[in-house]
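Peer 1: Just so you know, this note's numbering puts the end of the sequence shown at 525, numbered straight through with nothing missing.
Some clues are possibly wrong.
Claimed, not checked - Here are the simulated SDA-like cross-link-like pairs (lysine to any residue), alpha carbons at most 25 Å apart as the crow flies: (1) Lys403 - Tyr347; (2) Lys374 - Lys473; (3) Lys515 - Leu502; (4) Lys310 - Phe427; (5) Lys514 - Arg457; (6) Lys403 - Ser488; (7) Lys473 - Ser488; (8) Lys374 - Phe427; (9) Lys403 - Met350; (10) Lys473 - Arg457.
As the list claims (entries may be wrong) - Now the in silico label distances, taken between C-beta atoms and shown as ranges: (11) Val484 - Met507: 21 to 27 Å; (12) Glu315 - Val484: 21 to 27 Å; (13) Val484 - Ile428: 32 to 38 Å; (14) Lys374 - Asp511: 36 to 42 Å; (15) Leu480 - Glu345: 32 to 38 Å; (16) Pro432 - Ile286: 22 to 28 Å; (17) Leu325 - Leu498: 34 to 40 Å; (18) Lys374 - Leu437: 37 to 43 Å; (19) Thr295 - Thr508: 35 to 41 Å; (20) Tyr405 - Val450: 17 to 23 Å; (21) Met507 - Thr295: 32 to 38 Å; (22) Leu474 - Ile375: 42 to 48 Å; (23) Tyr405 - Leu325: 20 to 26 Å.
These aren't lab readings, by the way, just hints derived from the structure by calculation.
Where a beta carbon is used, it is the ideal one built from N, C-alpha and C, also for glycine.
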Amino acid sequence: MVETKTKKGIYLLPNVLTTFGLFAGFFSIILASKGQYAEAAIAIFVAMLWDGLDGRVARLTNTQSAFGEQYDSMADMVSFGVAPALLMYFWQFEQVGKIGWIGAFIYAAAGALRLARFNTQIGVEDKRYFQGLPSPAAAALIAGLVWTKEFIGTTPYDQYLVAVSWIILVSAGVLMVSNIRYYSFKEINLKGRASFKLLLIAILIIIVITLSPSTILFVFFLVYTLSGLVMTMIDVRKKRALKKKQRSP
Numbered sequence: 277m278v279e280t281k282t283k284k285g286i287y288l289l290p291n292v293l294t295t296f297g298l299f300a301g302f303f304s305i306i307l308a309s310k311g312q313y314a315e316a317a318i319a320i321f322v323a324m325l326w327d328g329l330d331g332r333v334a335r336l337t338n339t340q341s342a343f344g345e346q347y348d349s350m351a352d353m354v355s356f357g358v359a360p361a362l363l364m365y366f367w368q369f370e371q372v373g374k375i376g377w378i379g380a381f382i383y384a385a386a387g388a389l390r391l392a393r394f395n396t397q398i399g400v401e402d403k404r405y406f407q408g409l410p411s412p413a414a415a416a417l418i419a420g421l422v423w424t425k426e427f428i429g430t431t432p433y434d435q436y437l438v439a440v441s442w443i444i445l446v447s448a449g450v451l452m453v454s455n456i457r458y459y460s461f462k463e464i465n466l467k468g469r470a471s472f473k474l475l476l477i478a479i480l481i482i483i484v485i486t487l488s489p490s491t492i493l494f495v496f497f498l499v500y501t502l503s504g505l506v507m508t509m510i511d512v513r514k515k516r517a518l519k520k521k522q523r524s525p
C-alpha cells in the first residue's frame, strides 16, 4: 500500500498578498473607529486591490492551494464583510440605536453566507457569472458611498442620509445572498495579446478615475449592482415571452 505524504508549508507570495489585503481591511476598521471615514473607505478599496492580485498571482505562478483558498476567504470576511459594516455603523448608525447595529449585522452576516456559498460552489459554478452580488463589489459600493459623501461635505439632503445609507447597506447584504446573476469578467484574458486600442482605453479609464476617484468608483459599483437586477428582469421577460409562444396555437 502506497502512503501519500502531506505537503508541508505554504506558498509564500500569494498568501503574503492576501495578508496585505487582510491588513487593509483591519486597518479600515481602526480608521473608522477613530472617525477617519474617508481614509477607512480608501483602505477597503486597497484591500480590493490586494484581493484581486493574490488570486491572479497564484494562477500565474501555479501556486494555488486549498490553504490559500480558505485564507483568502477569511481575509475577505474581514475586509468585505466586517469592515464595511462597521464603517457604516461608525459613520451613520452609532447614534440611532438598535436599528443601526441590526443593519450592520445583516450586512456582515450576509457577507459570511455569501463567502460560504461561494466556497461550496468552487469548480461547479458557471465561471461567466457570480451567484449573488460579489462581496468585494458590495464592499466597494458601501465604501464608495462613504468616500463620496465625505468628499462632497454637507448638503441640504443630509436629513435623509441615515435612512438612505441603511437601505443601501441592507440591500447590498440581501443581494449578496440572492440568486441574481452578476457578470464575473473572468472571460477576459489578461495573458493573451490585445489590440493597442484596448491599452489606450485602459489608460483613459485610469485618467478619468483620477479626476474624481470617489464619485466615479461609487457610480461604477452602483451601476454594477443594478446590472444584475436589470439582467434578471430581462431574463424573466424572455422566459415569459417564450412561454406565451409555446402556449399559443
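Peer 1: Give a verdict on every hint.
Peer 2: Here's how the hints hold up against the structure:
Restraint check: the Cα-Cα separation between Lys403 and Tyr347 comes to about 21 Å, which is no more than 25 Å; the hinted pair holds. A distance of roughly 52 Å separates the Cα atoms of Lys374 and Lys473; the hinted pair therefore is violated under the 25 Å criterion. Pair hint Lys515 plus Leu502 holds up; C-alpha atoms about 20 Å apart against a cutoff of 25 Å. Proposed proximity of Lys310 and Phe427 is supported: the alpha carbons are some 18 Å apart, at most 25 Å.
Between Lys514 and Arg457, the direct Cα distance comes to roughly 15 Å. Compliance with the 25 Å bound is thereby established for this hinted pair. Taking the CA atoms of Lys403 and Ser488, the gap is about 32 Å. The hint is violated against a cut of 25 Å. Among the hinted pairs, Lys473 with Ser488 is consistent with the structure: their alpha-carbon atoms are about 24 Å apart, no more than 25 Å. Taking the CA atoms of Lys374 and Phe427, the gap is about 28 Å. The hint is violated against a cut of 25 Å.
For the hint linking Lys403 to Met350, the alpha-carbon distance of about 22 Å falls within 25 Å, and the restraint holds. As the CA atoms of Lys473 and Arg457 are separated by approximately 30 Å, the hinted pair breaks the 25 Å bound. Hint check: Val484 to Met507, Cβ distance near 25 Å, so the stated range 21 to 27 Å holds. For the pair Glu315 and Val484, the supplied restraint of 21 to 27 Å holds, since their beta-carbon distance comes to about 23 Å.
A beta carbon spacing of about 19 Å between Val484 and Ile428 contradicts the range 32 to 38 Å that was offered as a hint. Separated by about 38 Å at the C-beta atoms, Lys374 and Asp511 satisfy the suggested range of 36 to 42 Å. Distance hint check: the CB atoms of Leu480 and Glu345 are about 35 Å apart, consistent with the given range 32 to 38 Å. Restraint check, Pro432 to Ile286: a C-beta distance of roughly 53 Å breaks the suggested window 22 to 28 Å.
A beta carbon spacing of about 19 Å between Leu325 and Leu498 contradicts the range 34 to 40 Å that was offered as a hint. Between Lys374 and Leu437 the CB atoms are about 19 Å apart, so this pair departs from the stated range of 37 to 43 Å. Distance hint for Thr295 and Thr508: a CB-CB separation of about 36 Å, consistent with the stated range 35 to 41 Å. Distance hint for Tyr405 and Val450: a CB-CB separation of about 18 Å, consistent with the stated range 17 to 23 Å.
Range check, Met507 to Thr295: about 35 Å between beta-carbon atoms, so the 32 to 38 Å window is met. At roughly 47 Å, the beta-carbon separation of Leu474 and Ile375 lies within the given 42 to 48 Å, and the hint holds. The hint said 20 to 26 Å for the Cβ distance between Tyr405 and Leu325, and at roughly 23 Å that hint holds.
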